[in-house]
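So the protein lines, in turn, are chains A and B.
According to the numbering used here, the residues represented by the first sequence are -9 to 99, in order.
According to the numbering used here, the residues represented by the second sequence are 236 to 347, in order.
Simulated from the structure, these hints should not be mistaken for laboratory data.
This structure is a prediction, so every number in the text was calculated from the model and none was measured.
Cβ coordinates follow ideal geometry from the N, Cα and C atoms, glycine included.
Warning: the hint list may mix true and false statements.
Stated by the list, open to error - Covered stretches of chain B, going by a simulated chain A footprint (3 or more residues, C-beta under 8 Å): (1) 242 to 252; (2) 273 to 284; (3) 309 to 318; (4) 335 to 342.
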Amino acid sequence: KNEVEQSPQNLTAQEGEFITINCSYSVGISALHWLQQHPGGGIVSLFMLSSGKKKHGRLIATINIQEKHSSLHITASHPRDSAVYICAVLVGGAQKLVFGQGTRLTINP
Amino acid sequence: KAGVTQTPRYLIKTRGQQVTLSCSPISGHRSVSWYQQTPGQGLQFLFEYFSETQRNKGNFPGRFSGRQFSNSRSEMNVSTLELGDSALYLCASRRATNEKLFFGSGTQLSVL
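Let the hints inform the model, and build the full structure from the sequences given.
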């Protein structure tokens, strides 16, 4: 079993829909990152959080440390949100990043 | 402010050769980390350098090595290349441990 599990693996939605991507982990962490990767490889860090909730524009990330679970929400989704979203945890003691397998999101106009 | 710069963008090598990849971090960022991305394994952590010292290392064989210079630029070296080393190699920089990562565009390595 992977230390970081994302769901769903693939998600297709219509423009304007509310999107939720989930990330569960089984190890102790000091922080969790949400990353976005567009075709062509470029990765952008969306959020880094260790507790609570963060919001940036239409994106919201939450984390529940007790339940070892994080969610990434996209409100009013747009075709330009189509990308692979990757959850990565910074494993506490070792300070190493462990990645989920990614969620491929496609937003149709 | 310039972003993270990786060179070269593409590289083709043959089995048994060695390769050196370069990463220039954002000015002021002292941490540089390296990652391998393949379709089968996804993203995997290789190592991290901070102020010229290797701080962490992933589960890769000793053929994978790196170093960081006093200006924070980092190089990654892979010796005795194998077909399975074909991958996108990404580096990222950050100012401190509890800050966001900034990724370069990556080096696409193909081993023939």
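Hint-by-hint comparison with the structure:
1. 242 to 252: violated (count 0)
2. 273 to 284: holds (count 5)
3. 309 to 318: With 0 residues in contact (Cβ-Cβ under 8 Å with chain A), the coverage given for the region 309 to 318 of chain B is violated.
4. 335 to 342: That given contact holds, which follows from 6 residues of the region 335 to 342 of chain B lying within Cβ reach (below 8 Å) of chain A.
Consistency with the previously given hints fails for numbers 1, 3, ordered from lowest to highest.
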